[in-house]
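Asks: Reading the sequence shown from the start, the letters are residues 1 to 197 in our numbering.
Simulated restraints, written as ranges between beta carbons of each label pair: (1) T120 x F94: 22 to 32 Å; (2) V181 x F94: 34 to 44 Å; (3) A19 x Y84: 52 to 62 Å; (4) L141 x S71: 17 to 27 Å; (5) Y25 x L82: 53 to 63 Å; (6) L169 x S146: 15 to 25 Å.
No farther apart than 20 Å at their CA atoms in a straight line, the calculated lysine to aspartate or glutamate pairs in the DMTMM-like style are these: (7) K174 x E44; (8) K174 x D47; (9) K176 x E116; (10) K49 x E14; (11) K176 x D47; (12) K49 x E183.
Hints in this document: simulated from the structure, not taken from any laboratory. Just so it is clear, CB atoms sit at the ideal spot from N, CA and C, and this is done for glycine as well.
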Amino acid sequence: MGSDSGVAGYPTLEEYTRARVERGYSFTKALESVYREVGSGSLELVDLKPPGSFLQYLLRAGYSLWLYVVSCIVLSTVAVVLAYSDTLAPLRWFLGTLFVLFLPGYATVEALYPEERALTPLERLALSIGLSLAIVPLVGLLLNYSPWGIRLEPVLTSLATYTEGISLLASYRKYKILRLVTEVGASRGRGPRGARP
1 MGSDSGVAGY PTLEEYTRAR VERGYSFTKA LESVYREVGS GSLELVDLKP PGSFLQYLLR
61 AGYSLWLYVV SCIVLSTVAV VLAYSDTLAP LRWFLGTLFV LFLPGYATVE ALYPEERALT
121 PLERLALSIG LSLAIVPLVG LLLNYSPWGI RLEPVLTSLA TYTEGISLLA SYRKYKILRL
181 VTEVGASRGR GPRGARP
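With the sequences and hints as input, model every part of the structure.
Replies: Take a look at the structure:
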């Protein structure tokens with residue numbers, strides 16, 4: 001194995017794919033085979049250098065891309081809604097729909113089920129919409145009994161704060177699970193993580 005070989009005897013993805021090519025697969029067929037193995041769960045792809053801190057976890061797009069996308073949608077929605085421009089109305093409708101009917105529930109689902117394999121994508125989508133339909137009226141109910149009332153700015157601020165806060169909580173839970181899996185793998189003599197067939 002080369003200098004960038006896997007940990008504890010497990011090959012890197014490149015080495016694993018190269019071994020397939022050496023056995024007579026075309027490069028495309030080797031990649032398709034690896035993709036199918038990962039999808040079926042018979043091959044586990046793991047990070048050889050997992051982030052050591054929550055800040056490193058947040059700065060690695062491979063782990064936190066979903067958080068960046070949620071934050072961009074929330075900030076874009078706030079900016080477009082507060083801009084009061086007629087030309088931005090279709091964009092405001094689209095982002096507002098995502099902001100109200102999907103994002104609060106999505107962030108909550110990510111916080112409740114931080115493991116990727118806990119739910120299928122369809123289950124995550126359905127729960128995200130369903131939870132959003134439950135969370136938004138509760139936020140409205142709480143605002144109704146607050147000094148701010150149910151107006152545009154308090155609703156926008158409350159939903160943005162809720163979505164961003166729960167998204168950060170979900171990221172932290174995902175980071176803790178990654179750390180736990182890394183520690184368990186290391187205690188079993190597998191090294192931090194490696195590609196394991």
